[in-house]
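With the sequences and hints as input, model every part of the structure.
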Amino acid sequence: MRGVKTVAKRVAVTTALVVLLVGCAAPSYIQGLFVSGVSLEVVGNQFAQVSTQITAGCAQKVILPATCEKYRVFGEHFKKTYPIVVGMWRAAREAEDAESKKRAEDVIRLMSEELSKLAIEALGAFAPEIR
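The sequence shown begins at 538 in our numbering and counts up one residue at a time.
Worth flagging that the hints you see were computed from the coordinates, not collected in a lab.
27 Å max Cα-Cα, derived DSS-like pairs, lysine-lysine:
1) Lys616 / Lys654
2) Lys616 / Lys598
3) Lys607 / Lys617
4) Lys616 / Lys638
5) Lys638 / Lys617
6) Lys617 / Lys639
7) Lys654 / Lys617
Shown next, in the form of structure tokens:
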């Protein structure tokens, strides 16, 4: 049981940091990151880190099965959609198509927001363990 609490605390702290770093960024800063393409990498890395932590929490049965299932469904969608949208963003940038680039940015932003919400929900499963 002690190992589960240790994993739970590690998952909670890591998830909280990722959520705070991504969720608290100012919109103008995020927009600047899109211009350089940095945010595309950040969102992909955020997904990988949160997935690792949530998978561990689900395997340890610390996170509720319903939350694990929601994340599984989101993860499948993210893995299919994210590379396509990133490709669209890059193509729009190269073609200097501002409208298409903005649409791709909006999709990526929404995916990032959903990822943050799911991470927060998973973090809630650890609240009793942290106290």
